[in-house]
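> Same order as they appear, the protein sequences are chains A and B.
In terms of the working numbering, the first sequence is residues 378 to 828.
In terms of the working numbering, the second sequence is residues 428 to 803.
To be clear, the hints were calculated from the coordinates, so they are not data collected in a lab.
Computed from a predicted structure; not experimentally measured.
Hints should not be assumed to be uniformly reliable.
[Said to hold, decoys possible] Dumping the calculated EDC-like pairs for lysine to aspartate or glutamate here, alpha-carbon to alpha-carbon at most 20 Å:
hint, chain 1, residue 1, chain 2, residue 2
1, A, K441, B, E589
2, A, K401, B, E589
3, B, K478, A, E670
4, A, K631, A, E815
[As the list claims (entries may be wrong)] Derived list of chain A stretches under chain B, where covered just means 3 residues or more per stretch with a C-beta under 8 Å from a C-beta of chain B:
hint, segment
5, 454-467
6, 473-484
[What the hints assert, rightly or not] Computed far set for chain B versus chain A, every beta-carbon distance over 12 Å:
hint, residue
7, T439
8, P690
9, S776
10, L782
Note that CB positions come from ideal geometry on N, CA and C, so glycine has one too.
Listed below are the residues making up each chain.
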Amino acid sequence: MKRNLLVSVAMIALTSGAAQAQMKFPIGEDDTFNWASLEEFKAAHGDLSGQTLTVLGPWLGGDKDLFESVIPYFEDATGVDVQYSGSDSFEQQIVIDSEAGSPPDVAVFPQPGLAAGLAAKGQLKPLPDEVGQWITDNYAAGDSWKKLVTYAGPDGAEHVYAFPYKADVKSLVWYVPENFEDAGYEVPETLEDLRALTEQIAADGEKPWCIGLGSGGATGWPATDWVEDMMLRTNSPEDYDAWTTNELKFNDPKVVKAIDDFGWFAKNEDFVAGGVGSVAATDFRDSPKGLFESPPACYLHHAASFITTFFPEGTIVGEDADFFYMPAPADGSLGQPVVGGGTLFSVLTDNPAGPAFIEFLQTPLAHEIWMAQQGFLTPHTGVNPEAYTDETVKRMGDVLLNATTFRFDGSDLMPGAIGAGAFWTGMVDFVGGKSAQEVADQIQATWDTIK
Amino acid sequence: MEGMAGQKSSLTWLVNIAALVLVVMWTIPTAGLFVSSFRDRDQISATGWWKSMTSSEQTGFVRTGTADDQTQDGDLYVLEGNVLGEGQSLVGWGTRSREPAAYKAGETAELDGAQLTVNEDGSYRLESTAPFEMRRGERIFVTTASPPHFTLSNYSRVLSAEGIGRAFMNTMTVTIPATIIPILIAAFAAYALAWMEFPGRALLTAAVVGLLVVPLQVALIPLLRLHNEIGIGKGYLGIWLAHTGFGLPLAIYLLRNYMAGLPREVIESARVDGATEFQIFRKIILPLSFPALASFAIFQFLWVWNDLLVATVFLGNTREQLVMTGVLRELMGSKGGEWEILATSAFISISVPLLVFFAMQKYLVRGLLAGSVKGG
Numbered sequence: 378m379k380r381n382l383l384v385s386v387a388m389i390a391l392t393s394g395a396a397q398a399q400m401k402f403p404i405g406e407d408d409t410f411n412w413a414s415l416e417e418f419k420a421a422h423g424d425l426s427g428q429t430l431t432v433l434g435p436w437l438g439g440d441k442d443l444f445e446s447v448i449p450y451f452e453d454a455t456g457v458d459v460q461y462s463g464s465d466s467f468e469q470q471i472v473i474d475s476e477a478g479s480p481p482d483v484a485v486f487p488q489p490g491l492a493a494g495l496a497a498k499g500q501l502k503p504l505p506d507e508v509g510q511w512i513t514d515n516y517a518a519g520d521s522w523k524k525l526v527t528y529a530g531p532d533g534a535e536h537v538y539a540f541p542y543k544a545d546v547k548s549l550v551w552y553v554p555e556n557f558e559d560a561g562y563e564v565p566e567t568l569e570d571l572r573a574l575t576e577q578i579a580a581d582g583e584k585p586w587c588i589g590l591g592s593g594g595a596t597g598w599p600a601t602d603w604v605e606d607m608m609l610r611t612n613s614p615e616d617y618d619a620w621t622t623n624e625l626k627f628n629d630p631k632v633v634k635a636i637d638d639f640g641w642f643a644k645n646e647d648f649v650a651g652g653v654g655s656v657a658a659t660d661f662r663d664s665p666k667g668l669f670e671s672p673p674a675c676y677l678h679h680a681a682s683f684i685t686t687f688f689p690e691g692t693i694v695g696e697d698a699d700f701f702y703m704p705a706p707a708d709g710s711l712g713q714p715v716v717g718g719g720t721l722f723s724v725l726t727d728n729p730a731g732p733a734f735i736e737f738l739q740t741p742l743a744h745e746i747w748m749a750q751q752g753f754l755t756p757h758t759g760v761n762p763e764a765y766t767d768e769t770v771k772r773m774g775d776v777l778l779n780a781t782t783f784r785f786d787g788s789d790l791m792p793g794a795i796g797a798g799a800f801w802t803g804m805v806d807f808v809g810g811k812s813a814q815e816v817a818d819q820i821q822a823t824w825d826t827i828k
Numbered sequence: 428m429e430g431m432a433g434q435k436s437s438l439t440w441l442v443n444i445a446a447l448v449l450v451v452m453w454t455i456p457t458a459g460l461f462v463s464s465f466r467d468r469d470q471i472s473a474t475g476w477w478k479s480m481t482s483s484e485q486t487g488f489v490r491t492g493t494a495d496d497q498t499q500d501g502d503l504y505v506l507e508g509n510v511l512g513e514g515q516s517l518v519g520w521g522t523r524s525r526e527p528a529a530y531k532a533g534e535t536a537e538l539d540g541a542q543l544t545v546n547e548d549g550s551y552r553l554e555s556t557a558p559f560e561m562r563r564g565e566r567i568f569v570t571t572a573s574p575p576h577f578t579l580s581n582y583s584r585v586l587s588a589e590g591i592g593r594a595f596m597n598t599m600t601v602t603i604p605a606t607i608i609p610i611l612i613a614a615f616a617a618y619a620l621a622w623m624e625f626p627g628r629a630l631l632t633a634a635v636v637g638l639l640v641v642p643l644q645v646a647l648i649p650l651l652r653l654h655n656e657i658g659i660g661k662g663y664l665g666i667w668l669a670h671t672g673f674g675l676p677l678a679i680y681l682l683r684n685y686m687a688g689l690p691r692e693v694i695e696s697a698r699v700d701g702a703t704e705f706q707i708f709r710k711i712i713l714p715l716s717f718p719a720l721a722s723f724a725i726f727q728f729l730w731v732w733n734d735l736l737v738a739t740v741f742l743g744n745t746r747e748q749l750v751m752t753g754v755l756r757e758l759m760g761s762k763g764g765e766w767e768i769l770a771t772s773a774f775i776s777i778s779v780p781l782l783v784f785f786a787m788q789k790y791l792v793r794g795l796l797a798g799s800v801k802g803g
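Just chain A, with the same shape it has in the complex (with noise of 0.2 Å):
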């Protein structure tokens, strides 16, 4: 008895020596955190040590020591250990993992679709309702993102199913400021304005845009966004919500005229560098090198936060490249929409320290940590926005918390016959020279099959 007292103790020392020496920011130095949060939670949740929580997500690499930078905290707070693990097929793994009734206590989702497919199976458990309100309150466009984790569950019932934490902006074109100086352009204020930049680039003998929208087996998502964001800058949010539902049909004049917005730009041989034809053929990851060659092959990249991965190596982001918020119309009818991702928690079993992460992560400190590193945005409005580490990433987020409509990605609110597959396919026969009502029809056409 007296030995096992003894070897837990020196456990807890060991345990705990490694979490503090984990920790990328020392509890309670840097002001430009919300310290005081952290030990509020401390203070609600003190007594949970010896339990394991399990986490799965899809990070991995440097997305995965990120998120494993921000758990030393929790872990600190309340003693519990916990592990993560990655999987580049979290779709697949956590169908089976909960399928076969051994689920991760919390699982991470990159698709809002997958997530509403398990709770409707009853494998995730609600959220107290007190987050739903508290998501309202706290996030920029509040109502956007608890409806999009508010999902019907085994009964009917609906209940907020997951809790978002990390947030992508898609809603952004990628330029080069030097080039811009070089050749005199200015900064697109309006849609109108980007259109006539475009032409005015043709019209000096240069190709505006870089378009790839090849990624293997997911060919084609690129276009997605591209028609995701022409969909909030001609029509309203609650036709593009009904969009993603197919009560607003995909092949109806509205969907049809966003895809076309954006074959003014992808299909104009004018427009693309390569050409119209390299457009499918292109891959997402190297088509904004384009930007940065001498002379350059084209001058604007419409593309997410995270393409700043695939930059040359040595590009500094803010100087060497920097990028403007996707311009809404001049006539400011719609305001200022932004699509965008995220990352889902849910809870999965009845772990007590699965919910008590959850409010971990409600915590202003939860955010600032890894904003403080890089790689996130959140529409968090509570959290000091001093925690950014470049004035590139805070004008990120402020595009984000000067969103007045924010919007997922559709095609991950879609079912995945089509967001991950008649979307991708028709987007790539329509830049291969099909039509847009064609395209539209065909898409439609599989949609009614699956329902």
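For chain A, the structure is supplied; the task is to place chain B on it using the hints.
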């Protein structure tokens, strides 16, 4: 006669040439992957591997020093430096992105009110009568010719990746038992199906052959649920059983066909001499079946070694449980696209199976013929 002989030799030539062409076609992708594993990411995206052996011309830019680096030379403010990397030579240079090679070495150009000269050796001199104030260097566009360049850094990055040693041991712990257990079981089963008379033998054999076409993916969920229910959960025992199950149909089929082809006289004379079935199996069948056993061992070893799916489902994804393929996959990050790591990982993970293959290669060819020539 002579004409016929000539015909035959020209046909042989044709066969040889066709074989050579096929061999070259089949090995080109591997060769390309091998070359790519020695190139860095920017090189891979700039030019194809087949151009890696010749010197290449590249256009890029170099930044001048900033205001902090300027020196004063009489009335002039001067920034100096070099635009060339090691081994490169200058083809042309420019000051604007649209004309990156507007000037030859030694020429002088105007750059924001200052005079810029770039010399043959790459040294540049930017001089101005007013002091420089920029915080960030001006861009000098250069077109350079670089000699072929190869690097070992991909290999050192993969080999020193976090957890690779642990993952290697995990893979070994999975692979060796997952190769041996199915052979043990399959050898008994194959002997029974080949040489022991019992009702329903043909049907049982047909069932085993039928199982060959069942994709293992359909069994993942039910099998994992079974493991959870009988208390094995996720772990080594579970993955050994899973690999054994998935490997058995092929193993039994292969071994049965080989054993059925062994000469009946040997077995029957042993029976006449009073040997029991187990003695026949152990003393006669097993030694004679060694080529088939070895060839199946290679198949199973390769398959388990390269497996990622079964390992992530039945073993798990945490640091302590990851197998080699999992760690290599992790190196490529969440979004993929790091071809140099992919190429390098392929060659590192291929090395152990290659060793196994060469060690047992002489049995493989004999084993592949297993059962195809009866009585042979």
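> Which hints, by number, does the structure contradict?
Every hint satisfied by this model.
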